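Q: Sequence:
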Amino acid sequence: MDSQENEHATTTNEEEQPPPPSSSPLPPDLATISAEIDQYISSLEPLPPDAPTIIEKFLMLVEEEMEAYDSADAHVKWSCLKEEDASWFLRTADRVTSLLKILAEFGSEYKYAYTINRAGSVLQRTMSYLEGEFKVMLEEHGKTPTDLTRVCGAMLRGGYQDECCHVYFIARREALEEKIVQLGLEQVSIDDIHNKPWESLERDIEVWIMKFTSFAKEEFPAERNLLDSVFAGDSTIPEILFSALTCGITKHILKFAEAVALTRRSPDKLFKYLTIYEAIRDAVSGIGAMLAQGVAPELKNEALMIRSHLGEATISILTDLENSIRNDHGKNPVPGGAVHPITTYIMNYLEFSAMYKDSLEQVYLEHQRLEATAAASNTDAEGAVVSPLQEQILKIMDLLLSNIEAKSKFYKDTSLTSIFMMNNGRYMLKKIKKSSGLYSLLAETWYRKMSSDLRQYHKGYQRETWGKLLGFLNPEGLTGNNKHVKPLLKERFKNFNALFDDIRKTQTGWVISDEQLQSELRVSISNMVVPAYRSFLARYSQIFSSGRQTEKYIKHQPDDVETSIECLFSGTPATSGKRKL
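With my numbering applied, the sequence shown covers 2 to 582.
It should be emphasised that the hints constitute simulated quantities derived from the structure, not laboratory data.
The structure displayed is predicted, hence computed values, not measured ones.
Among the clues, some could well be false.
What the hints assert, rightly or not - Listed next, the in silico DSS-like pairs over lysine-lysine satisfying Cα-Cα at most 30 Å (straight line):
#: 1; residue 1: Lys396; residue 2: Lys460
#: 2; residue 1: Lys506; residue 2: Lys553
#: 3; residue 1: Lys460; residue 2: Lys495
#: 4; residue 1: Lys495; residue 2: Lys396
#: 5; residue 1: Lys450; residue 2: Lys460
#: 6; residue 1: Lys506; residue 2: Lys484
#: 7; residue 1: Lys413; residue 2: Lys484
Build out the structure end to end from the sequences listed, making use of the hints.
A: In structure tokens:
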């Protein structure tokens, strides 16, 4: 009855004068009895005979104090407490926790039964208050981790670990979900994604990748730091909670990526697929790095499934690229022997693909494992083992070369065939050399062979075009007296002039788009033709009479020949005459 009267008196007093508690945290009697309780707790001696009475009084006074903090008529927020009041509350909670552990040893003794029940009731009320305030503090983003840590520690010591973890998980999940909505990463309809034009979806993907990457790099580490701070000294709880939080939130965000991975495939989607693939891989890897046991199996499997869909789409697109080359049967030759559009498209596509080399390697290796074909290793021409991705790129390049060689046959002029092959071959080599990723995939062997083929095309062109011209400058048969030599010389100069003019008119309109190749070809032609012509002219020009006869047969001076050669392959015909193809 005394206890009930005291409780009633306390309640009446609170109605007359609401909390917060007074500046003095403890009344004298509670301060004194708390000191006695501390002695009981710290002492290794058995409880004295009067212990139940003292403990009962302590619990009664604690209940009275609790009325000032949490009752039906009044509730004091933790944030409104002074530091000394907050410290007293937590110390008192720890005292009750410690008392219960000591009293548990006497659970079979009747005289302690009521005391144990009452202590349990006081602890439950104390923890209920702390649980509510813990939730409020978690929801108040500006609250310092120190307050959270102190309250969390008291709840854990009081045996309320499940309640503490549950409150933390719910509050932080809601906070993270709110951030997801603010960022625009909320779950979207699969039908909406599949029905959206690719140009619009492409922009959405870019935004999604940027926001998801930022979220994974900033929010998840911050969440882990908060967990480690709040649950300081405990290594297990932060692991469990962080794994659960990141798993649920990440799976929610990845629904967008899953929907994109299942859209209709086309070549222009490859690079967005790979960028999504990398974003997921890096984010999940980052989560795993913050967990001693690695990523939760549920999240790991979800991420692997989406990456598998993206990988299948990637491989399918590159296979379709193969087929597009096989099915390209166009028979219209490119004017002037310029680089063919299919060469430009395929090489640009491969160059850009090589920027994702590491990811592509991973995609193909994962696909190989799924297909259980890892045992069948492939080798290149020199017997070196090639990766699945290398095999794919080599296959595409071989198909492209075969396609270009077939198209070169559409030119009637074999010299132009060589120019066409040089143009396309040089374009390929430049792209390969420019891209370290593409170069490493094709390897030095392929590059050397292609360079050798280009030299052969170069020699073939010189032989076909300029070998004939140089044949007219051959001194063979031009020995003897002038009477017999002169008619032969006239014929030689006439043929030289006619063929040179034809070459000049025709090949000035041919195209060599690579400036270095154009310069190299002009220099090699000049070095081959101009000295030979200069020597031939110096040796035989005096046979002709000066004046009109000389002008009739010697139409070109060596410098004129050199100048004309410098104009070759400019893409503009020397005359309006039709070019040969």
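Q: The structure should be examined with respect to each hint, and the outcome stated for every one.
A: Okay, the hints, checked on the actual structure:
With a CA separation close to 27 Å, the supplied pair Lys396 and Lys460 stays within the 30 Å bound. Using a Cα cut-off of 30 Å, the hinted pair Lys506 and Lys553 holds, with the two alpha carbons roughly 20 Å apart. With a C-alpha separation of about 26 Å, the suggested pairing of Lys460 with Lys495 holds against the 30 Å cut-off. For the given pair, Lys495 sits about 50 Å from Lys396 by alpha-carbon distance, which is inconsistent with the 30 Å threshold.
Between Lys450 and Lys460 the CA atoms are separated by roughly 15 Å; this keeps the pair inside 30 Å, and the hint holds. The hinted pair formed by Lys506 and Lys484 fails the criterion: a straight-line CA distance of about 34 Å is larger than 30 Å. For the hint linking Lys413 to Lys484, the alpha-carbon distance of about 41 Å lies beyond 30 Å, and the restraint is violated.
In this structure, the earlier hints numbered 4, 6 and 7 are contradicted, and the remaining ones agree with it.
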